[in-house]
Amino acid sequence: SQQGEEDPQALSIQEGENATMNCSYKTSINNLQWYRQNSGRGLVHLILIRSNEREKHSGRLRVTLDTSKKSSSLLITASRAADTASYFCATDGETSGSRLTFGEGTQLTVNP
Amino acid sequence: SQTIHQWPATLVQPVGSPLSLECTVEGTSNPNLYWYRQAAGRGLQLLFYSVGIGQISSEVPQNLSASRPQDRQFILSSKKLLLSDSGFYLCAWSVLYSNQPQHFGDGTRLSIL
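So the sequence lines, in the order shown, correspond to chains A and B.
Note that the first sequence covers residues 22 to 133 in my numbering.
Note that the second sequence covers residues 9 to 121 in my numbering.
By construction, these hints were calculated from the structure, which means they are not laboratory data.
Careful: at least some of the hints might be erroneous.
[Unchecked claim] Covered by chain B, per the in silico footprint, the following chain A stretches (three or more residues, Cβ under 8 angstroms):
#1 36–47
#2 90–102
#3 120–132
[Stated by the list, open to error] Pairwise CB distance ranges (calculated):
#4 Asn-71(B) to Asn-43(A): 33 to 39 angstroms
#5 Tyr-105(B) to Thr-48(A): 35 to 41 angstroms
#6 Lys-47(A) to Arg-50(B): 14 to 20 angstroms
#7 Ser-89(A) to Asn-107(B): 16 to 22 angstroms
#8 Asn-73(A) to Gly-24(B): 49 to 55 angstroms
#9 Tyr-105(B) to Lys-77(A): 15 to 21 angstroms
#10 Tyr-105(B) to Ala-103(A): 30 to 36 angstroms
#11 Thr-41(A) to Arg-50(B): 20 to 26 angstroms
#12 Arg-75(A) to Tyr-105(B): 20 to 26 angstroms
Ideal placement from N, C-alpha and C gives every residue a C-beta, glycine not left out.
Given the sequences, and given the hints that come with them, work out the whole structure.
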């Protein structure tokens, strides 16, 4: 089954606005991670939230996790043109060890 | 600090030709290693992962194979490429335990003609 499905698929905003991306998953997880991918490059880890955590912050990033709804959100505040990238959530399940299952991603465009 | 190297960055191969993509990690010992494939505009599909030398787990049946001849070297191979093998191939590493991030190389864009 597909874990980590993001929505929206694409998001276009103006510089300075906030961007919110959502991720849903199907099975129980140990952790949920968010990654960023610039076009044609590898993924860069942004933040990890454990299943017993509800919210986590890192700079302009805020991640929430609702295990009862099997969903997570990534908020980027005061967006910049340099935030333009694809954003992926990834989950590791209770039996998957360190293997991650990635969603399809949200393509964020921040217009200057 | 740890680094991951993946090459080549781009590769154009004819159908039926062999393939060898290499990934090496520096600055860490006994990492978990991963090969992913990414179709255009899509998420990552895990192809192979390895928890040690010679230990390879395949996630999906396919035309590809992987090997780990040394602790920090991971190789993706094929004897005869298919058109469907085109894509963006990413190598990644993580420490042995779960709840740790994965660290990615810059990928290889493979085009099959």
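Those earlier numbered hints the structure runs against, lowest number first
1, 2 and 5
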